[in-house]
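Participant: Residue-level listing of the chains:
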Amino acid sequence: MDIIVTENLSKSVTTSEGVLHILSSIDLRIKAGESVAITGESGSGKSTLIGLLAGLDTPSAGTILLDGRSLTKLDEDGRALVRNELIGFMFQSFQLLPGLTALENVMLPLELKGDYHAETHAREWLDRVGLAGRLTHTPKQLSGGEQQRVALARAFATRPRILFADEPTGNLDSQTGATVIDLLFDLNRENRTTLLLVTHDAALAGRCERAIRLAAGRQLCTD
Amino acid sequence: MHRLRLALRLLRRESRSGELTLLTLALLIAVTGLTAASLFADRLQRAMSTQTAEFLAADLVIESADPVPADWLAKARHLGLKDAQTTEFSSMLIENNELLLASVKAVSSAYPLRGQLKINDAEHPAETVVSHGPAIGTVWLERRILSALKLKFGEQLTVGEKKLTISQILTYEPDQQGGFYSFSPRVMINAGDLEATQVIQPGSHVHRFFQFSGNEDALSAFRGFVKPQLNPSQRLLDIHEDRPELGSALTRAEQFLGLSSIIVVIIAGVAIAMAARRYSERHFDASALLRCLGCTQGEIFRLYCTQFAILGLVAGAFGCGFGWLLQEGLFLLLRSLLPAQSAGPGIASITFGISTGLTILFGFALPPILRLKRAPPLRVLRHELEPLPSSAWLVYGLALTIICALVWRYTGDAKMTAIVAGITLAALLLLALLIFGFLTAIRKVLPRMPLSWRFAWQGILRHRRASIGQILAFGITLAAILLSLMIRNELIDTWRQQLPENAPNHFALNIFPDQLTPFEQSLQDKGIKSSPFYPIVRGRLTHINQTPVQQIVTKGSQGDSATHRELSLTWSRDVPEENTLSAGSWWNHAEPGLVSVEQKLADSLKVKLGDRLVFNSGGRQFEATVANLRTLRWESMKPNFYMIFSPGTLEAFPYTLMTSFYLPEANKDALSALAKEFPAMSILEVDRILRQLQTLFEQLTQAVNYLFYLASLAALTVLFAAVYSTLDHRIHESALLRTFGASRRLLRKTQAIEFFCLGAISGFIGVLIAESLSYALYRQVMHIPSHLHRELWLTAPLASAAVVVVAGLWGLRRVINKPPLRVLREI
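Taken in sequence, the protein lines are chains R and S.
The C-terminal position of the first sequence is numbered 683 in this note's numbering, with every residue numbered one higher than the one before it.
The C-terminal position of the second sequence is numbered 1130 in this note's numbering, with every residue numbered one higher than the one before it.
To be clear, the hints were calculated from the coordinates, so they are not data collected in a lab.
Where a beta carbon is used, it is the ideal one built from N, C-alpha and C, also for glycine.
Take the hints with a grain of salt, since some may be wrong.
Claimed, not checked - Computed from the model, here is a short list of chain R residues facing chain S with C-beta under 10 Å: (1) T508; (2) G515; (3) L557; (4) T618; (5) G637.
Could you build the full structure based on these sequences and the hints that come with them?
Facilitator: Structure, rendered in C-alpha cells:
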C-alpha cells in the first residue's frame, strides 16, 4: 500500500528576477515500510521536497497524500496533526533543544502526544541508542554523534509511520556517521518505518531500497 | 490538563537552563519596584493625611452657623466615627477696667480628635502636651490676655456671665485657622460651661465646627451622606482648600508619588519588553521544532502563555514580598519623621502588585509570544527563516494602552496620563525617524573612519532596526529617571523657597493709624525688620454687577466661603511682593474706584475684568471696578489679600494696619515689650505653624528622595539587564572576528566604542524626552515655572554611555577571555 503519493508536485517562488522553479512536476509513490533515498546536488530541491512531503511547507501546485490524507487540502493546524500522528524527523543540525537534557529532549514529543509514561519510554529509547549513561547531559555536553543518536531516539520514540531524515550524517565524521546510520537502519527495520532519507552520499543512498534523484528541481530517475 | 503539566515541566527545565533568568529578573524588578512604590506611596499618603489631619484636629470637619441635625451625629456614630465639637465666637472681656476682644473657643471632651494641645502653667514654664481641653469651671488662655487684663494665673476670668478659673496657659492648638486678620487672643473653655456664659443668643455670630475621625471607608460614607444635605451656611472643610499653604505642597508631593510609580511602570515595561523579545528570538528554533512535532500554533501560543502566566505569578509573589520588605525598610528609615501611629500597608496594594506585574508582563510580552507561535516549521530545515514581526500597531498600541491604563490607575490624573502618553508616543515616532536618518548619514562617512570606529558603527548599522529599538528603550528608561530627578529637585527647591530662613513668623494686627510711627520706631529699636504695612478695612462683598453674590456662587466653593464672611480689604499703590498679575493692568497713582482680585477667587465668583463689585463696610456701601486679577503664594507667610483697592477708594473708612516680621526664638521677650507698649495691638505667633510646615516639608523631601533612589536603582538594574539582552549577536560576531585574527585589544576597543555610541545617543534621547515631558508637566499639571536643565545635556549622555559601556563589556568579557571555538560552540 502506498503511504506517500504525490502528483505533479511543484514549488516556485517569486523573486525580484522573476519566478524561480524549485521543484517541477514530481510524481512519487512510496510504499509503507519502504526506505527511499532522495539524492542530488546542492540546490537540486531535496530539502524543499522533504519539507513539502512532511507538511512543513505548502506546494505551489500538485497534491500530496500521506496515508490516504490529502496534505494539500489541510490548513496548518491540520498538517500539524498529521505530523503529530504519522511523522518523525532527523535533521542535519540535530535540532535538540539546548536547555533540555538528553532525556528531556526525547521525552518532548512523547509528552506532546500525552504519553503518561514518557520518561520510561524515553529512557528505553536512549538505552537502545547506547546513551543510557548520558541521560542528564545537555546537548552542549554531548559530542555530535551523541547528539544525533539522541535525535534518533527522539525520532523513533513516538513510533512514527514515516521518518524523514535530512542529511543525518552531514555534520558528522565518516566513522561516527556510519555508526549513526547503522543504528538508523536497524531501528527502521525493527519498527517497519517508512524512511525518506535526503543525502549527498551515494553509499548511504545505496543502503536504501531505492533512490530518487533530483536535478534542478526535476525528478531524473528512480533507481 | 496534560498541556498544563507540560507547560510546567518545560518551565522548570527552562528556568534550570537559565533561559528565563533575564525575564524573571525584569519581572521581579517590575513587581518589587511597583509594590514598594505603591505600598510606600499609599502608606506615606495615609501617614501624611494623618499628619495633616492635625491641622484640622480631625479627619473631617463640618463648619456650620447652627447646630447640625441630630441624625447626622447618629449616622456618624453608627458608622463608627468619633466626634467632637468646637464653638467659636468673639466676646469682649472686661477685667480690672481693661477691655479686650477675645476669640472664645468652647470645646467638647473628645477634642482634639487629631493632634494635641500644648499648655504650660505658672510653675512649669515648659510646655506640656495634652489630648484634651480645659475641665468644666476652668479656662485656658493665651499669656498676653493676662497682661492685657492685668490678671494673674489662678485668678478668675469672666466669660459672659460665667466665672472661670485660669488653670493653664494655652501655647498651641492644632486647628488654629489661618484667618489671621480677624485674629484676637484665644480663650478656651469647656463646652459644658458654654450655656452658663449666656453669650450665645439667637442671631449671635457663631462658628460651630463638628469634627469627625475614623477609618477611611466610614469617613467617605459619611462625607457622601452629609454633602447633599449641607445648607448654604454649612460646609465641609478640606485640608487642600482650607490650608492652601499646606494643600499645594501636599498636592505636589502626591503627584510626585504618582509620577514615581509611573516611572517604575515604564522602566519595568521596557525591561520586560526587551527580555521577552530576547526570549522569543532564542526560542524560534524550539517553536519551529514543536510545530514540526505536531503542535498547532494555538497550542504553542497557549503553552508559552501558560508558562509566562506561571512565571508571572511566581515572580509576582516574590516581587510582592521583596517590595513589602523594601517599603518597610524605607519606612523604618523615615520613622523618626513620621507620626508615631503611622498607618500599616494596605492589603489592596499587595494584591495590586501581582496583578500589575501580570498586566505589564502580558502587555509587553504578548507581541513576542505571538511572533513565537508564528515561527515557520520549515525553519528546522532552513534556519534563516524567521517569523514576521508582530505589527507595529499591536506592539506599540498594546504597550501604550497598558502604560496609559496603569498611569491612570496610579495617578487618577487623566491630564498627567494624556501628557505622558502623548509626548512619549510622539517623541518615539519622531526620534525613531531621526535616529534612522542619523544612522544613514553615519553609513556614508564610514569608509573614512579608523578601523575600530568603523567596526563599532558597522556593529550598530548591521542590525539597524534592533539598534534603533535599543536606543529608544534605553532612552525611555533614562528619560524616566531624569524626569524623576528634575521634578524631585524642583519640588525640594520650591519647598525650600516657600519657607526661607527668616521667613516672617509673627503678624502684628490692629495697629491704629496714629500708632504707626511709634510702632515702626519700636520695631527698629528692637532690631526687628518688618514687611510693608497694609491698611485693613473689614468689609463684605455683596453684589457683582448688581446681582447678589449669593445667587452667583456655587455651594461649598471658595467664593461661597469668602462671601459668607467679612474680608480684609486693603489698598496699595504698587503690586505687593510675590503677587503676579494674570489679567489686566495695575493702576496709575490716582485712580480711585478700582480693585484687584485674587485669581482663584475671581474664578470661583466668575468675576471678569471690568465687572463692578459692591462692598459693604460698617453699613456703608461702595463700588469698585475690577482692574486686574492676581495670583499669589498663600504659603509665603506674608500678608496676602483677596481684594486690593487702588489708593483713594478706602481711605474714608475706619482702618487698622497690619504687618509681618521675623523674630528669632531667642528674642521672644520683645513680644511682651511690644504688647505692653501697644496694648490694643494683637500679635499672632505663627512660628509654630511654620515649624509644623517645616517638619512636613522635611518628611516630604525625605520621602521624595527615597522614592527617587528606588526608581534609580530599578532603572540601573534594568539598564544592565537590557544591555545583556542584546549581547547574543555581538558575542557571535566577536567570536567570529577573533577567529579571523582580530586582536583582543581591537575587539575590546571596538566593543567599547559601540556601547559608548549607543549609550551616548540613548542619553541624548533620554534628556530630550525628559525635557519635553517636564516642560509639559510643569506647565500643565504641577504649575511650576519650567526651564531648561542645561547641565543634564552633557552629564546624562556621558553617564548613560558609561553605564552601557560597563554593562556591555562585562557581558562580553567571555568572548575576549575564552578561546573563540568554545564561545562559538556555546552559542
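Participant: Classify the hint on G637/R as holds or violated, based on whether any CB of chain S lies nearer than 10 Å to its CB.
Facilitator: violated, 19 Å
Participant: For the hint on G515/R, does the least C-beta distance to chain S fall short of 10 Å?
Facilitator: Interface hint status for G515/R: holds (8 Å vs cutoff 10 Å).
Participant: Holds or violated: is there a CB of chain S closer than 10 Å to the CB of L557/R?
Facilitator: Since chain S brings a Cβ to about 5 Å from L557/R, closer than 10 Å, the hint holds.
Participant: With chain S as the partner, please determine if T618/R meets the hint condition of a C-beta pair closer than 10 Å.
Facilitator: holds, 8 Å
Participant: Was the hint right that T508/R lines chain S, CB cutoff 10 Å?
Facilitator: holds, 8 Å
In this structure, the one hint that does not hold is number 5.
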